[in-house]
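There are 2 protein chains.
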Amino acid sequence: MAVYTDVSFEELEIFLEAYDIGEAHVFKGIAEGVSNSNYFLQTDKGSYILTLYEKRTEVAELPFFLGLMKHLAAEGLPCPTPVHSKSGAASGALNGRTAAILTFLDGVSLRRPSAEHCIVAGGALANMHLKGANFSLKRENGLGLKGWRGLAADCAADADGVHPGLKQIIDAELAILSAQWPVTLPKGIIHADFFPDNVLFVDKRVSGIIDFYFACYDSLAYDLAVTLNAWCFESDGAYNITKGQALIAGYQQVRPFSPAERVAFPLLCRGAAIRFLLTRLYDWVNRSPEALVKLKDPREFVRRLRFHQSVQSPEAYGF
Amino acid sequence: MAVYTDVSFEELEIFLEAYDIGEAHVFKGIAEGVSNSNYFLQTDKGSYILTLYEKRTEVAELPFFLGLMKHLAAEGLPCPTPVHSKSGAASGALNGRTAAILTFLDGVSLRRPSAEHCIVAGGALANMHLKGANFSLKRENGLGLKGWRGLAADCAADADGVHPGLKQIIDAELAILSAQWPVTLPKGIIHADFFPDNVLFVDKRVSGIIDFYFACYDSLAYDLAVTLNAWCFESDGAYNITKGQALIAGYQQVRPFSPAERVAFPLLCRGAAIRFLLTRLYDWVNRSPEALVKLKDPREFVRRLRFHQSVQSPEAYGF
Numbered sequence: 001m002a003v004y005t006d007v008s009f010e011e012l013e014i015f016l017e018a019y020d021i022g023e024a025h026v027f028k029g030i031a032e033g034v035s036n037s038n039y040f041l042q043t044d045k046g047s048y049i050l051t052l053y054e055k056r057t058e059v060a061e062l063p064f065f066l067g068l069m070k071h072l073a074a075e076g077l078p079c080p081t082p083v084h085s086k087s088g089a090a091s092g093a094l095n096g097r098t099a100a101i102l103t104f105l106d107g108v109s110l111r112r113p114s115a116e117h118c119i120v121a122g123g124a125l126a127n128m129h130l131k132g133a134n135f136s137l138k139r140e141n142g143l144g145l146k147g148w149r150g151l152a153a154d155c156a157a158d159a160d161g162v163h164p165g166l167k168q169i170i171d172a173e174l175a176i177l178s179a180q181w182p183v184t185l186p187k188g189i190i191h192a193d194f195f196p197d198n199v200l201f202v203d204k205r206v207s208g209i210i211d212f213y214f215a216c217y218d219s220l221a222y223d224l225a226v227t228l229n230a231w232c233f234e235s236d237g238a239y240n241i242t243k244g245q246a247l248i249a250g251y252q253q254v255r256p257f258s259p260a261e262r263v264a265f266p267l268l269c270r271g272a273a274i275r276f277l278l279t280r281l282y283d284w285v286n287r288s289p290e291a292l293v294k295l296k297d298p299r300e301f302v303r304r305l306r307f308h309q310s311v312q313s314p315e316a317y318g319f
Numbered sequence: 001m002a003v004y005t006d007v008s009f010e011e012l013e014i015f016l017e018a019y020d021i022g023e024a025h026v027f028k029g030i031a032e033g034v035s036n037s038n039y040f041l042q043t044d045k046g047s048y049i050l051t052l053y054e055k056r057t058e059v060a061e062l063p064f065f066l067g068l069m070k071h072l073a074a075e076g077l078p079c080p081t082p083v084h085s086k087s088g089a090a091s092g093a094l095n096g097r098t099a100a101i102l103t104f105l106d107g108v109s110l111r112r113p114s115a116e117h118c119i120v121a122g123g124a125l126a127n128m129h130l131k132g133a134n135f136s137l138k139r140e141n142g143l144g145l146k147g148w149r150g151l152a153a154d155c156a157a158d159a160d161g162v163h164p165g166l167k168q169i170i171d172a173e174l175a176i177l178s179a180q181w182p183v184t185l186p187k188g189i190i191h192a193d194f195f196p197d198n199v200l201f202v203d204k205r206v207s208g209i210i211d212f213y214f215a216c217y218d219s220l221a222y223d224l225a226v227t228l229n230a231w232c233f234e235s236d237g238a239y240n241i242t243k244g245q246a247l248i249a250g251y252q253q254v255r256p257f258s259p260a261e262r263v264a265f266p267l268l269c270r271g272a273a274i275r276f277l278l279t280r281l282y283d284w285v286n287r288s289p290e291a292l293v294k295l296k297d298p299r300e301f302v303r304r305l306r307f308h309q310s311v312q313s314p315e316a317y318g319f
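Chains as they are written, first to last, in my numbering: chain A, 1 to 319; chain B, 1 to 319.
No lab work stands behind these hints, which were simulated from the structure alone.
Cβ coordinates follow ideal geometry from the N, Cα and C atoms, glycine included.
Accuracy of the hints is not assured; some may be wrong.
Ranges between beta-carbon positions, derived for each pair [to be verified]:
no. : chain 1 : residue 1 : chain 2 : residue 2 : range
1   : B       : 45        : A       : 13        : 52 to 60 Å
2   : B       : 160       : A       : 235       : 48 to 56 Å
3   : A       : 46        : B       : 313       : 51 to 59 Å
4   : B       : 138       : A       : 13        : 34 to 42 Å
5   : A       : 137       : B       : 95        : 36 to 44 Å
Each computed DMTMM-like pair below joins lysine to aspartate or glutamate, with the alpha-carbon atoms no more than 20 Å apart [as the list claims (entries may be wrong)]:
no. : chain 1 : residue 1 : chain 2 : residue 2
6   : B       : 167       : B       : 154
7   : A       : 296       : B       : 6
8   : B       : 28        : A       : 154
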């Protein structure tokens, strides 16, 4: 939630010479995204987001991310579209960073989405899964089982300081997931971070899906498990089955689960919980005292994981 | 440059019920202003800035600041206008802070304004001085001589650690300013922080003057001295007389200086340099390791002060 790389208006003007989007009238750094610098840009031709990519990994994979957004937008999904330069480039260089201009989407993200919002969010996720089917590039999920094991090893020494017994909780869970993780479910492009922050609404309609920088090729049902972890729990950690039913129903109206996906769902939810538990834990134990980012509490996902561990069948989620 | 107080869309929606500005379609925290939290807000009726005031002092003086902006906007100056609630209030309460909605102004602030920009900036400042004449409220300049002495005392122990000999430089300068500071120059409403950040341009036209939270009742010529310190020096500390002449000429086209103002100008420039030297020094020596704000270097104003001390007559500035 910060602007890491400073861009002056004069620097912007030079950068914009390569584009055909008119003159800048508004240019403001915005508190959005965790790892990139983002600016709101308004010209006489429209509204845009200028993103400067701060991490090397993301830059190497920009062809995938930008290509995916272009593909999905062309398929009619409300997601940012990269604006190409006059010479056809989807990104350029600005102040030592790789930078891209994307179309700006109206809409607001919700802190406490209702069950009604969950229905349409589920539908939007399923829609993304269908529209991503013809996208030609692949990207492995860097935050799958292998990634989780790496994060767990990195955090092993500090885990119990964050939550008593956490190292043991993680190790035991990873052992189960390693033994049982389903690998034959239908795969495709998943968003992998479909949190309420990344879904924009105008009234009760999804007006935008943003932040595709975790998108990858993985089990589609896992994406719904991530989404359920993000949308359907109360702040005290309790599962809200009304929202869960709504999310699942909204999803299945567009793309019904196969029996195998349904059976695997509780385990997928455990995996999704451990994924966010581990990345939050990693950020927590490696935080810098000068960090500009407000960290999220890993313990929220300890509580979610505990719920998923107690689940006996998919019906408990509202299937 | 940060958002200190978090506001969810749901909290915004409740706050907006008291206003008649339509439904929010865009709501984003922006990196603007040093001490407040600012959000860009777009509704079906227009674009706005939502500001949450973080400092108690500012809240106590909001009637002055918001009243002044309303007055100047009514006089035709391009400055944000507070939007009143349905019940007529210029501010309200939001997440434990006092908050106000102001109209949003198009335009961009420049990092390296040209002499052409300095002419129109000078004219805009003089125009503000004329239009402020009928404003009925007064506010003392908290960062005048008395304020400088307080800051100097607070920083005395740490000054030399920032720049060798700085304590002595400050003490000697304050002795001279205390003895010679002019008190009979024409007074009125001054902006007191008319830096390039706070002046928005569309093409070569001033489209907005923002951030009135240092505005006060003081010598008008001092405001031009502050502005010259902010607009007319190179990054290596050299005075750019072309820009200085442009700024002064632009100002005097609208409001010519009296002979007394002209004679006092070099001393006013010294005062303006010490004012920003001291506030930056104070922030520097009192910085928190967790600060979200990128601090400005106080030594820039040591170099400016040294230039002003070497000036023999107002002609050296371009009068």
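Hint check, failures only: 1 and 8
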